[in-house]
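Trainee: Heads up: the sequence lines are chains V and P, in that order. Using this note's numbering, you'd call the opening residue of the first sequence number 1 and step up by one each time. Using this note's numbering, you'd call the opening residue of the second sequence number 1001 and step up by one each time.
Simulated from the structure, these hints should not be mistaken for lab results. Hints may be right or wrong, so weigh each one.
[To be verified] Here are the simulated lysine-lysine pairs, DSBU-like style, with alpha carbons at most 30 angstroms apart: (1) P:K1214 - V:K111; (2) P:K1214 - V:K74; (3) V:K111 - P:K1198; (4) P:K1233 - V:K198; (5) P:K1198 - V:K198; (6) V:K198 - P:K1214; (7) P:K1075 - V:K214; (8) P:K1152 - V:K214; (9) V:K152 - P:K1233; (10) P:K1075 - P:K1096; (11) V:K214 - P:K1198; (12) V:K198 - P:K1111; (13) P:K1214 - V:K96; (14) P:K1198 - V:K233.
[What the hints assert, rightly or not] Looking from chain P toward chain V, a few residues come up when the C-beta cut is under 7 angstroms (computed): (15) S1119; (16) L1159; (17) Q1170; (18) T1196; (19) M1201; (20) S1246.
[To be verified] From chain V, some residues computed to sit far from chain P (all C-beta separations above 12 angstroms): (21) V29; (22) E37; (23) F42; (24) L46; (25) T48; (26) D58; (27) E130; (28) Y132; (29) E136; (30) T196; (31) N203.
Each residue gets a CB set at the ideal place from its N, CA and C atoms; glycine is no exception.
Number of protein chains: 2
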Amino acid sequence: MIKLALVGSGNLAHHLYESILNLEEIQLVGVLGRNPETLASFDADLTTTDPKTLPAADLTIIAVSDDAIEAVSKKLQEKHGLLAHTSGAQTLNAIKGKRKAVCYPLQTFSKTRTVVFESIPFCLEAECEEDYELLERFCGLLTTRVVRMNSKDRKYLHLAAVYVNNFVNQLYQTAHEILEDRELPFDLLHPLILETAKKVMDNRPTEVQTGPAKRGDQGIIDAHLSIQSEANKELYTLLTQAIQNSQNT
Amino acid sequence: MIKLALVGSGNLAHHLYESILNLEEIQLVGVLGRNPETLASFDADLTTTDPKTLPAADLTIIAVSDDAIEAVSKKLQEKHGLLAHTSGAQTLNAIKGKRKAVCYPLQTFSKTRTVVFESIPFCLEAECEEDYELLERFCGLLTTRVVRMNSKDRKYLHLAAVYVNNFVNQLYQTAHEILEDRELPFDLLHPLILETAKKVMDNRPTEVQTGPAKRGDQGIIDAHLSIQSEANKELYTLLTQAIQNSQNT
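Just chain V, same shape as in the assembly:
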C-alpha cells in the first residue's frame, strides 16, 4: 500500500484522482489546492488549501503549473515523502529541498475527455534508486509504459511534444479558419486528420509524405499562396521548404 498525496486541482490532477480512486494498492490521504472552487469537485474529506494540514504520505504528486512547482514544494515537509512534479519542461531541481522526483505523463489532458492512462508513457526520474522504485511502483499501477528518463532527454521530448501537439493543433486551427471563411464545415477534414495521425504509427513521417511540396509542384504551391493571408503565406512557405529539405536528406 502506498500512501499518496496529490497537489493541484487542474486537468491532470483530476484525471489522476479519478484513476487513483480505483486502485486498491493506493491510499489517497489528501488533495492540496489553492482554490476552494476547483477543489470542490474532489471528495471534501480529502481536500485542503493549507499545506500544513496535508497528511503524511509516502509519495506526493505535484500536478501544478510549471511556475508553481518551486513555491509549493517549499511549503511541503519531510513527512510528505517523495515529491514528484509532473512537468515535461522542468528539471528535477524545480523541486526545492526534500526528496525529489519527476513523473511526466506524456499526454494532453482536457476536462471533457476521458483519459486512459494505461497506454500513456510515464517518464520518470529520481535522485536515488529507492525513490525511483517507489515512483515506478506507483506509475506501474496506472500505465503499462514506464520510461526512465533524465531531465535533459525529457526537455527534448517535451520540445518534440510541443511540435506534435501544440503546433499540429495550430495547423488544425489554420485549416479551420480557411474553411470557415468559405463557410465549409471543418468535419470534412476529420477522416484526413485521423488517417494522417494513424499513418505515422507504422511509418517514418517522411516516408509517407505526399502533396505539392513533396512533388515540387510549383503550380499548385503558387495557386495556394495566391489565396492566403500574408501570415499564412509565410507559414505555408516555411513548411513547404521544410518538407522539401526533409525529403532531400
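Since the structure of chain V is already known, use the hints to place chain P on it.
Mentor: Only chain P this time, still in chain V's reference frame:
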C-alpha cells in the same frame, strides 16, 4: 447498373478498384494505365495501355496525377461517357473536351493501408444536373458522405487539407528528428499524436490549445529555442506567434 472505366494505376486507383469489385451495381469495363508494371496488379482481362481499346462506359474515373489529367482526358472519347477527375487542386476544366466532372475523395491514400471509403467525404462537381446525378449515384455506393462543391471552394478545401495532412506530417517528422538525435523512440509520442487529432473531432482547435505558446511562458519558449537547429528555430517561432495570434482573435 453503371458501366465504369478507371484510368490510373496509383494508390487511389488501386483502392477504388478493390472497392468497386465488391459492388453489384457497378460493372467495371476496363482499367487504363501508362505503365504495364503498375497495371499488373489489376485483373489482366481489364487492363490496357491504349486509350482506344478502353471499352465504352457511362462514367470514367480519371485517378491520375494532376499534371496528367489534361493529356489523358484528350485521348478519351465520347463513348467513355462522363469523365471525372479525382484531384482536389484542379478545376473542372482540367478535363478537356467532353462531359466533365470532379470526384475528389478527401483522404490520403497509401499502398500499405486499408481504405474504408464509407466515411471519406467525396466532393463532387459536374456541369449539368444529369451528370451530377450519375456521379452522385456512383459515389453514394462508396461513401455515406457526398458533398456538392464547386472548383473554387474545392481549392480552399485542398489548401486546408495540405495544412492538416502534409504540414502536420512534416511536424511529426520534425519531432521524429528531435527524438532521433537523442536516441529516444518516436512511439513515445504516439498516444499524444492520436489524442491531439481526436480532440479536434469535438472541439474548435483554439479552444483546446495548451502549452507554452498559449500560456505565453517565455522561459520555456527560450529554453526550447536554445536547443534547436536554426531552421527549426524559425519554424518554432512562427508557429508560436501563430498560436498567440489565434488566441487573441
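Trainee: Among all the numbered hints in the text so far, which are the ones the structure does not match?
Mentor: 30 and 31
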